[in-house]
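From first to last, the protein sequence lines are chains X and L. According to my numbering, the residues represented by the first sequence are 1 to 319, in order. According to my numbering, the residues represented by the second sequence are 1001 to 1353, in order.
If you are wondering where the hints come from, they were derived from the structure by calculation, not from laboratory data. Here the structure is a predicted model, which is why all the values come from computation and not from measurement. Treat each hint with caution, since some may be false.
Stretch-level coverage of chain L by chain X, calculated; a stretch enters the list once three of its residues show a Cβ under 8 Å from a Cβ in chain X [what the hints assert, rightly or not]: (1) 1119 to 1126; (2) 1148 to 1162; (3) 1171 to 1177; (4) 1330 to 1343.
Over the 10 Å line for every Cβ pair with chain X, so calculated as not near, a few chain L residues [stated by the list, open to error]: (5) Glu1012; (6) Arg1058; (7) Ala1143; (8) Asp1272; (9) Glu1277; (10) Gly1320.
If you only want the chain X side, here are some residues facing chain L, beta carbon under 8 Å, derived [stated by the list, open to error]: (11) Val63; (12) Gly64; (13) Phe67; (14) Met98; (15) Val100; (16) Pro160; (17) Pro185; (18) Gly188; (19) Val192.
Idealized CB from N, CA, C, for every residue including glycine.
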Amino acid sequence: MSGALNRALYDALAEDPRVLVFGEDVGRSGGVFRVTDGLQAEYGEARVFDTPISEAGIAGAAVGLCFAGWRPVVEMQFDAFSYPAMEQVVDHVAKMRMRVRGRVDLSITLRIPAFGGIKGKEHHGESPETYYAHTAGLKVVAPSSALDAYRLLRQAIADPDPVIVLEPKARYWSKESGELANDGPGIGDARVLRDGETVTLVAYGAMVTRVLDAAAVLAEEAITARVVDLRSLSPLDDGVLERCARETGRVVVVHEAPRSVGLGAEVAARIMELAFDHLQAPVARVTGWDTPYPPASLEPLYLPSVERICDAARKVVAY
Amino acid sequence: MSDVPEHGAGTEPVRILAPDGSPVGDADVGLSPEELRALLRWMVLARRLDRECIALQRQGELTVYPGFEGQEAAQVGSAFALGQLDFVWPTFRELAAALVRGVDAVQYLQYHRGTWHGGPYDPRATRFGPICIPIATQLPHAAGYALGQRLDGTNAVTIAYFGDGSTSEGDFHEAANLAGVWRLPMVLFCQNNGWAISLPSSEQTAGEIWRRAEGYGFPGVRVDGNDVLAVHRATERALERARRGDGPTLIEAMTYRIGAHSTADDASRYRDDAEVEHARVTDPIMRFRNWLLATGIADDRFVMACDEEAETYALEVRAGVIATPAPPADWMFDWVYAAPPSSFERQRAEALG
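Let the sequences and hints guide you as you build the complete structure.
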């Protein structure tokens, strides 16, 4: 996935001379996850550059660059390190277009290596999606695979609105073969990755792989699970959620973020609004706990496991 | 007077005119007599409009309004020095600078009318950025804009206004640091008006603000912010320096907020009237008018004409403000997204029927 993201940046820089890539260690070093590797050598220090450790400065400078007609693609080095930029993102990146009545587009792509699962130190395993998805004016995406990461990042850069791209760190070194393409499902579209009739499993980011694993286990028990990769966390794909809820009657939502007020709550609420009469069981949530992200040795207890996902699926099927 | 906290103790600011208008430095700042008269005219118009806005707020025609009386020279002197392509990133108290830049006052005041947010005028056409309430957050915008202008090969300069209170915020530091590291074509213009709502600048920061520039690797200067000539010269030098590619300058303009923080604030709760009366002695308009009259650059007739024009202007703006209609309901949804999601469009339909 890291290579696919790198290629997306490479192609975007080639296609649009107004695209700029900057952030901490993205230039000479090529980024702590190698996502910007080689870009500075190819496109020069004017378009791909290092910044001081200055997240609010990076996000704020991106706003100013939009006024000057540039298209900034910026990196926050880690999920929790995006918080110093929160004021700029919430007060300006998200709201500026409305504040100036559409006279300036905030075509900012904010890339954030996110989520856990890599035995990281504290502040390196956070799931910040709800903060961003709750902010009007932003779009939020989280790819689950290499090819889709390429597609979503290209779409985010081309989008006239600010897009937060949450890159699942646990999937950076995952491989996928196929053609790179930026068409196909867009921002706002979910994908059905596996068909099934008994229950729908909804996930995003690194949890998609785990949900696919769970579906394979469930298949041996004659529970055919449909797997939905949300991809786009804001906006959500109401159409796919409604259709799958109606067709399977049972839904389990899975995410790493703490349960309370997590994205799963929004998914469950929408399914209730759109398909209540078709539900055979309450929507179940399998999530991280309402605790800070734990130290590496406790990670397995925190993250939704295949077993927890299967248990939840069995419960809604038996309801 | 001894219990009055002394605003601006320490380094004596660069000054051309003494408070009584007598020259104490080289008064030839390269402006024509006509331009010098224009400085006075803008200051008089701005002050009269400021007072009208406070009246409009008291009459319920504006929401909370932040007055700038006392800061006319700092804003007019600096904005007047800008070239056409230079870009301003203001706070919420730069109406005088906005007028000099050609921003339409009625449009600007849509913000305080409560009919729109910080960008009711066209910031790109006027080269005056959106009114910015979150403290110091406009400074990183200015840094980014300055970088963008340089990448485009222009020699335009970006100026960012902020107050003494802003310098305690992280965004001030981050923007100043970026400006220094990247040698941005940028002027950081601080109006130290002595107060951040109720906190005196002596409790805001223990050092002198202009001195911080050294730590960021560029020059700083403390100037008498109530001396329009000194402000103009300092700004012009900073602009020239930036245009040469030599990077940013921090200007600390020592001025004074004569009024309350805003119409929602009662300054008598935290500061002594004696301090305000003392500050009135250094009034920027009186000082400059005295000098213009003494040098013969302006006469009484010009001064009267300014006052009359200001009266007419304020009434015109008043009428325009009162005539500003409430925005159509669609506007709440119209510009949130350039490419609105379908779920968002469904909410719009739900809200608007």
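How the hints compare with the structure:
Here the segment 1119 to 1126 of chain L counts 5 residues with a CB under 8 Å from a CB of chain X, which clears the bar of 3, and the coverage holds. Here's how the segment 1148 to 1162 of chain L fares: 5 of its residues keep a CB closer than 8 Å to some CB of chain X, so the rule of at least three is met and the hint holds. With 4 residues having a Cβ less than 8 Å from any Cβ of chain X, the segment 1171 to 1177 of chain L passes the three-residue criterion, so the hint holds. With 10 residues having a Cβ less than 8 Å from any Cβ of chain X, the segment 1330 to 1343 of chain L passes the three-residue criterion, so the hint holds.
With a cut of 10 Å on Cβ distances, Glu1012 of chain L stays outside the contact zone with chain X, its closest approach being about 33 Å. Every C-beta of chain X lies more than 10 Å from that of Arg1058 of chain L, the closest at about 27 Å, which supports listing it as non-interface. For Ala1143 of chain L, the shortest C-beta to C-beta distance to chain X comes to about 5 Å, within the 10 Å cut-off, and the non-interface label is violated. Chain X leaves Asp1272 of chain L outside its interface by the beta-carbon criterion, the shortest separation being 34 Å against a cut-off of 10 Å.
Look at Glu1277 of chain L: its CB is around 38 Å from the nearest CB on chain X, clear of 10 Å, so calling it non-interface holds up. With a least beta-carbon separation of about 18 Å from chain X, Gly1320 of chain L lies farther than 10 Å from that chain, consistent with its non-interface assignment. Look at Val63 of chain X: its Cβ gets to within about 5 Å of chain L, closer than 8 Å, so that hint holds up. Because the smallest distance between the Cβ of Gly64 of chain X and any Cβ of chain L comes to about 3 Å, under 8 Å, the interface hint for this residue holds.
Taking 8 Å as the C-beta contact cut-off toward chain L, the hint placing Phe67 of chain X at the interface holds, the least distance being around 5 Å. Taking 8 Å as the C-beta cut-off, the interface hint given for Met98 of chain X holds, the closest approach to chain L being about 5 Å. Proximity of Val100 of chain X to chain L holds as hinted, the smallest CB-CB distance being about 3 Å (cut-off 8 Å). Nearest Cβ of chain L to the Cβ of Pro160 of chain X: about 4 Å, under the 8 Å cut. The hint holds.
Against a cut-off of 8 Å between C-beta atoms, the interface hint on Pro185 of chain X is violated, since the closest Cβ of chain L lies about 14 Å away. Residue-level restraint check for Gly188 of chain X holds (minimum Cβ-Cβ distance to chain L is 5 Å; threshold 8 Å). Checking Val192 of chain X against chain L: minimum C-beta separation of about 18 Å lies over 8 Å; hint violated.
The earlier numbered hints that this structure contradicts are 7, 17 and 19.
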